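Enquirer: Those protein sequences? They're chains A and U, same order as listed. Residue numbering for the first sequence follows our numbering, beginning at 21 and increasing consecutively. Residue numbering for the second sequence follows our numbering, beginning at 2 and increasing consecutively.
Heads up, some of the hints might be wrong.
Pairwise CB distance ranges, derived in the manner of DEER restraints [what the hints assert, rightly or not]: (1) U/354 with A/316: 45 to 55 Å; (2) A/233 with U/333: 50 to 60 Å; (3) A/301 with U/321: 56 to 66 Å; (4) A/157 with U/348: 50 to 60 Å; (5) U/289 with A/233: 15 to 25 Å; (6) U/370 with A/133: 24 to 34 Å; (7) U/153 with A/233: 23 to 33 Å; (8) U/226 with A/133: 32 to 42 Å; (9) U/226 with A/280: 36 to 46 Å; (10) A/133 with U/37: 25 to 35 Å.
Please keep in mind that the hints were generated in silico from the structure rather than gathered at the bench. What you are looking at is a predicted structure, and each value in this text was computed from that prediction instead of being measured. We treat Cβ as the ideally placed atom computed from N, Cα and C, and that holds for glycine.
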Amino acid sequence: MSTLTKTEDTPAATAPEAFLSVRDLRVRFSTEDGIVKAVDGLSFDVERGKTLGIVGESGSGKSVTNLTVLGLHNRKTTDIQGEIILDGQELNSAPEREMEKLRGNKAAMIFQDPLTALSPYYTVGRQLSEPFMKHRGASKKEARDRAIEMLTKVGIPQPQTRFDDYPHQFSGGMRQRAMIAMALMCDPELLIADEPTTALDVTVQAQILDLLKDLQQEFGSAIIFITHDLGVIANMADDLLVMYAGRAVERGTVREVLQTPSHPYTWGLLSSMPRLTGDIDEELVPIPGSPPSLLNPPSGCPFNPRCAYSGHVADSLCTTERPPLAPGRAAACHLTAGQKQTIFVNEIKPRLG
Amino acid sequence: MSNNVTLPEQQGPEAGTAATREPLLAVENMKMHFPIYGGFPIKRKVGAVRAVDGVDFQVFPGESLGLVGESGCGKSTTGRMVTRLLEPTAGKITYSGRDITHAKRRELAPIRSEIQMIFQDPYSSLNPRQTVGTIIKSPMEINGINPPGGREKKVRELLELVGLNPEHYNRFPHEFSGGQRQRIGVARALALEPKLIVADEPVSALDVSIQAQVVNLLQKVQDELGIAFLFIAHDLAIVRHFSHRVAVMYLGKIVEVADRESLYTRPRHPYTHALLSAVPEVDLDTEHKERIRLAGDVPSPISPPSGCRFRTRCWKAQDKCATDEPPLVQISGNKEGHLTACHFPEAPSIEARVEDVVMDPALAALEKDHTEG
Numbered sequence: 021m022s023t024l025t026k027t028e029d030t031p032a033a034t035a036p037e038a039f040l041s042v043r044d045l046r047v048r049f050s051t052e053d054g055i056v057k058a059v060d061g062l063s064f065d066v067e068r069g070k071t072l073g074i075v076g077e078s079g080s081g082k083s084v085t086n087l088t089v090l091g092l093h094n095r096k097t098t099d100i101q102g103e104i105i106l107d108g109q110e111l112n113s114a115p116e117r118e119m120e121k122l123r124g125n126k127a128a129m130i131f132q133d134p135l136t137a138l139s140p141y142y143t144v145g146r147q148l149s150e151p152f153m154k155h156r157g158a159s160k161k162e163a164r165d166r167a168i169e170m171l172t173k174v175g176i177p178q179p180q181t182r183f184d185d186y187p188h189q190f191s192g193g194m195r196q197r198a199m200i201a202m203a204l205m206c207d208p209e210l211l212i213a214d215e216p217t218t219a220l221d222v223t224v225q226a227q228i229l230d231l232l233k234d235l236q237q238e239f240g241s242a243i244i245f246i247t248h249d250l251g252v253i254a255n256m257a258d259d260l261l262v263m264y265a266g267r268a269v270e271r272g273t274v275r276e277v278l279q280t281p282s283h284p285y286t287w288g289l290l291s292s293m294p295r296l297t298g299d300i301d302e303e304l305v306p307i308p309g310s311p312p313s314l315l316n317p318p319s320g321c322p323f324n325p326r327c328a329y330s331g332h333v334a335d336s337l338c339t340t341e342r343p344p345l346a347p348g349r350a351a352a353c354h355l356t357a358g359q360k361q362t363i364f365v366n367e368i369k370p371r372l373g
Numbered sequence: 002m003s004n005n006v007t008l009p010e011q012q013g014p015e016a017g018t019a020a021t022r023e024p025l026l027a028v029e030n031m032k033m034h035f036p037i038y039g040g041f042p043i044k045r046k047v048g049a050v051r052a053v054d055g056v057d058f059q060v061f062p063g064e065s066l067g068l069v070g071e072s073g074c075g076k077s078t079t080g081r082m083v084t085r086l087l088e089p090t091a092g093k094i095t096y097s098g099r100d101i102t103h104a105k106r107r108e109l110a111p112i113r114s115e116i117q118m119i120f121q122d123p124y125s126s127l128n129p130r131q132t133v134g135t136i137i138k139s140p141m142e143i144n145g146i147n148p149p150g151g152r153e154k155k156v157r158e159l160l161e162l163v164g165l166n167p168e169h170y171n172r173f174p175h176e177f178s179g180g181q182r183q184r185i186g187v188a189r190a191l192a193l194e195p196k197l198i199v200a201d202e203p204v205s206a207l208d209v210s211i212q213a214q215v216v217n218l219l220q221k222v223q224d225e226l227g228i229a230f231l232f233i234a235h236d237l238a239i240v241r242h243f244s245h246r247v248a249v250m251y252l253g254k255i256v257e258v259a260d261r262e263s264l265y266t267r268p269r270h271p272y273t274h275a276l277l278s279a280v281p282e283v284d285l286d287t288e289h290k291e292r293i294r295l296a297g298d299v300p301s302p303i304s305p306p307s308g309c310r311f312r313t314r315c316w317k318a319q320d321k322c323a324t325d326e327p328p329l330v331q332i333s334g335n336k337e338g339h340l341t342a343c344h345f346p347e348a349p350s351i352e353a354r355v356e357d358v359v360m361d362p363a364l365a366a367l368e369k370d371h372t373e374g
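Generate coordinates for the entire structure from the input sequences, incorporating the hints supplied.
Expert: Here is the structure:
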């Protein structure tokens, strides 16, 4: 069922099948301190109507990747290499005018903080109408009707009067609903949700997540869902990509990655999270150390300074050679499949309860 | 007032060990109303934000009380009143038998060293112009404490205790990562050997992998030094992991308080049910868990709903809920110390219901379409 497996086996032949396909993406920023390798050789695919979850800590390159997909980086200061193919169209080399036609139309984004992503100067209605008028050539009246329809759909009470309100008159949950309505104005085929519920309370988060899921069923959009919360991902995504230091370290379906994780970083993430149903006396097992600087990432596997299992690998391969991420269900780690299996069953699984 | 029911004395972390102990901190009907001024040309008080509107709870020595709730429910304000950074509008705070509700600066001085605080944001709570040594040392200087072996030695010990290198004594906060900074904050809170620490969202600004480091550190501190904690957080899983007893707040009131086990497995208040069911879980086979989706956001604390404050979002609300405010009492069948403020409590179970509770109109409409189409 996963495209990941299908396309990666023979990337050249079947690549068009995936709706969005990112190949060997590298994003670098020049700063005063040196070159930041924010994304370093990342490949993934998203199928129509499916949700790809991307998890990782802050600074792992999840947001940068998705801003790149929509061409939102300043091209003068950012060095972007690799291919981004959306529905057969190469985006990395596309001129700005092409990207403008695409943004808010075929591909839309839901940002983390709706208060900073919405302009305080314009009414919510005007901000909703703008992309519809621009992309569809609709009149003001048509755009208004469409906006009210979308506001109703996402559950804003009294949309006719709320249309003329400013963002500050909305509560946090309502602003996020308005952002979702805005992203859905032109029936996008790709929706990028960058931590859409991180700023919200847990009961509101549950409403928004269910709303997104139901809307996806109705609109059939592909969604890239970025978050640091594995619980949210478990609820939302079909496929999962775990990122660390600008690279994908593990990939597979959500079920595969969460139930039989096979990268030490994923093990670490899962065992450092307290659960509502876990054993209370079981101590949390944090990942030692802190994420590496992307100015000067560690040689070899970027996780090796924090990894408890690098001793199991012969010839200190972990510090010298970067482990590749095989196609399909895979983890970028030098441990052999047998070693991973033993460690997971004996040490990790008991911790997860 | 009906909510003046205080907690029974004999409940503690483990009822056996804590029985008959005096509470370290007792809060009765504590209120904080922030005035709103308006009008021209003379500004007058036109209303009040009723951030905390009558809460009662107790913290026993060595116990950890968790305080959970959504943003704006008054949990941080409660923490600030307990440390007396704010003076309550009404009510009473008793710390080891002494009333500190309206204590003056001078009267508070000896108590301040016993109640310490750990702040949420490790970036803004450390002075960037002071070295780590100075930061941790200053509480001792202010309180004129001279530990044996000198203050510097004590600071180095504290650094070691919280898992930092004592040689980092002369470094500045910017040289540390978020998790390490939070450790500095913990070391500072421990410098005066407090009896009570108010931890206001101590890990919510940290990355997932770092959160566990700090939670473990706090747990170690609590176990080894026997410090009581008022642990304020919005993350139910972390509160469960850390607290012996848990109080749930909604719009300035405590709606339910119980020992950890009861609150997480046999909650009675509908809001507690809604909160627990909203937590996204990694476990993929959660079919057995109930599903409750509330509508809208928390109402404004400027004009909270009459009667039960949760009634505007509650699926069980009836006329009585609008007129009578439910008292925080022990409902029959609940364990000692499990108090709930509800007229129509839910069944004590978090198992899936026959029908999901979906209050959100948009969600309900979409789901109806899907099941029909």
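Enquirer: Between residue 153 of chain U and residue 233 of chain A, does the C-beta distance stay in 23 to 33 Å?
Expert: 57 Å, violated
Enquirer: Look at the Cβ atoms of residue 226 of chain U and residue 280 of chain A and judge whether their distance stays inside 36 to 46 Å.
Expert: Check passed, 40 Å falls within 36 to 46 Å.
Enquirer: Do the Cβ positions of residue 157 of chain A and residue 348 of chain U conform to the proposed distance bound of 50 to 60 Å?
Expert: At 56 Å between Cβs, range holds.
Enquirer: Does the Cβ-Cβ separation between residue 226 of chain U and residue 133 of chain A fall within 32 to 42 Å?
Expert: 38 Å, holds
Enquirer: Given the hint of 25 to 35 Å, check if residue 133 of chain A and residue 37 of chain U actually sit that far apart at their C-beta atoms.
Expert: For residue 133 of chain A and residue 37 of chain U the Cβ distance comes to about 26 Å; the hint holds.
Enquirer: Holds or violated: 50 to 60 Å for the Cβ distance of residue 233 of chain A and residue 333 of chain U?
Expert: 39 Å, violated
Enquirer: Using the beta carbons of residue 354 of chain U and residue 316 of chain A, state whether their distance is inside 45 to 55 Å or not.
Expert: 54 Å, holds
Enquirer: Assuming the hint says 24 to 34 Å, is it satisfied by the Cβ distance from residue 370 of chain U to residue 133 of chain A or not?
Expert: 31 Å, holds
Enquirer: Using the Cβ atoms, figure out if residue 301 of chain A sits within 56 to 66 Å of residue 321 of chain U.
Expert: At 42 Å between Cβs, range violated.
Enquirer: Against the range 15 to 25 Å, how does the distance between the Cβ atoms of residue 289 of chain U and residue 233 of chain A compare: consistent or not?
Expert: With a Cβ separation near 20 Å, residue 289 of chain U and residue 233 of chain A satisfy 15 to 25 Å, so the hint holds.
The structure does not agree with the numbered hints 2, 3, 7 stated previously, though it agrees with the rest.
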